[in-house]
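Turn these sequences into a full structure, and let the hints guide you.
Protein chains in written order, with this note's numbering: chain B, 108 to 217; chain F, 2 to 504.
Source of the hints: derived by calculation from the structure; they are not laboratory data. Please note that the accuracy of each hint is not assured.
Quick partial rundown of chain B residues pointing at chain F, CB under 10 Å, derived from the structure [what the hints assert, rightly or not]:
#1 Leu-151
#2 Phe-152
#3 Pro-177
#4 Ala-184
#5 Ala-190
From the three backbone atoms N, C-alpha and C, an ideal C-beta is built for every residue, glycine too.
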Amino acid sequence: MMEALVALVIGVLTACGVYLTLRARTFPVVLGLTFLSYAVNLFLFTMGRLTIGRPPIIHGTAAGYADPLPQALVLTAIVISFAMTAFVIMLSLKAREELGNDHVDGKDDA
Amino acid sequence: MNHLVIAPVLLPLFAGVLLLLLRSILPVRVHRTLSVIAVAGQIGLAIALLLRVHSGEILTYMLGGWMPPFGIVLVADRLSVWMLLITTLLAFLALLHSVRGTDTRGRHFHVLFQWQLFGLSGAFLTGDLFNLFVFFEILLLASYGLLLHGGGRLRTRAGLHFVVINLAGSTLFLFAVGTLYGVLGTLNMADLARQVALVPAEHLGPVKAAGLLLFGVFMLKSAVIPLHLWLPAAYAHTSAPVAALFAIMTKLGAYAILRVDTLIFGGGAGALAGMIDVWLLPLALLTLVIGMLGVVAANALRQQIAYLVVASVGSLLTAFALGSEAGIAAGLYYLPHAAFTAGAFFLLADAIASRRGEFDDRFEPGVVLADRKLLGGLFFVVAMLSVGLPPLSGFIGKWMTLQAALPHPSLPWIMASILGTSLLGIIAMARSGSVLFYRAEAPSVDSPPVRDGTRTRELLPATGLLLLCLALVIWAGPVDEFARATAAQLLQPEDYIRAVLVP
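Structural data, given as structure tokens:
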């Protein structure tokens, strides 16, 4: 049940991300890329399998453990996507200023 | 443990940090000197590593002393070090061109340049798939800054496309890496190679999907058809030294394809062995043909060179796609030639465009160029290199590829594509050369062409890159020997796996 729900969330996030990334204005494109990075972060997280209430270390008294590696991977991915989002926002603003509009190709009529 | 392996990663990182911190204190001249010295030191490190791995030894470095496959490992084998050497040589000459003024047209040029090298060195040396992603991001973030360096309307627009498509590519990379980890439980490339062979039949599907996704991302980076559309605009509109350095970026994608194809999905991968092979050769040939059609159709010199880069990726991947030792060796010989030639051509195009005033690099009859004999001579040499005419290195590379293709079942297609595109290339180069140099009108009496000694000196870096191509011809024997040894090492991934996992 939990797996299906998480899979559905990742799917919806990805679909929204792809749709928005294909839009013609820079703001939806930036939002789309953000959605895609959310989706992939969740996806990476679930690749360590979904576990609840387990420590991320092997311990004699614990019934099992949660895989700590995907958590480290996600942390790295979040930091990188955060920096990239900041950069692409600045670049979009610069493009808006230099091209005179927010179309990704700099055309005003589309 | 051998600390030499991590030195090429750390040197540009620290050089970049130092340059960033000292930016406001140091005069520009010292700043430039430090940057050039750092890249020269990087060449020294690459040569030192080359001398070590030449014998076939595979050096590993465990970061933080963590045992593989649990920690991140850096691996220097013949292929990594060969790529590292090519990158540093190209970067050195591109940097020498930039210190003639490009670097002061925006902020932090040298810092970004060093960090670009940091990302490139790391990507070539890492033996961990997620770490490869991280180094890709480092070099991409630096490349975004470099691409936009100097600003301008067209540059910003091309930069936006470049950034967005690469961010989408990074997302796909993460999906692929995540899936591989989810099924195989490891990200160390040597361990992945071992696990792929053991994957149970019901899990073949996800692994195959992840592998193909991974190749898709690498093809995006190396601008393979149909994922090449970002390249011409980005390369044509950026500044000359950056475009010259970027000549190595598409080769990075080709490197990643070759590494993953031979190591993880190589001969020992069981049901998944060689799963990319059915795709790689047709796409490579298509890239070659479409790229060369772009060369013919281009209406400005820089755009034409950018399409030459696309076509050269096609030639390179055609050689790799043959999969045999001779084929991979041909590709490894062709790779430095393609990088140096494209770099030299971009630097030369900058010199030509700056002398044509308002005509820039468009193919319209313009003014008679200052230093036209020197420029024309260099253009002739670069054009011969680009289309692969004898006796230069482009010809040798193509000849080796064709010879390696002789036993291949798709020989007619390979022959036809390589020879046909060479003819198209000759026609396109002859046309652009005659428009730029012959169909020029004599300048009016009031403004004779300026002759200025300092302006011919700006051609030295481009000439240096051409001399490197010449060196590839003169020492073709030893280079070919090394390339064959490298290919043999790649086709025996057991050595790599043993070197990483049994320290």
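Evaluation of the provided hints:
A cut of 10 Å between beta carbons decides the hint on Leu-151(B): the least distance to chain F is about 4 Å, and the hint holds. Taken as an interface hint, Phe-152(B) checks out: its beta carbon lies about 9 Å from the nearest beta carbon of chain F, inside 10 Å. Taking 10 Å as the C-beta cut-off, the interface hint given for Pro-177(B) holds, the closest approach to chain F being about 7 Å. Taking 10 Å as the C-beta contact cut-off toward chain F, the hint placing Ala-184(B) at the interface holds, the least distance being around 6 Å.
The interface hint given for Ala-190(B) holds, since its Cβ lies 7 Å from the closest Cβ of chain F, which is under the 10 Å cut-off.
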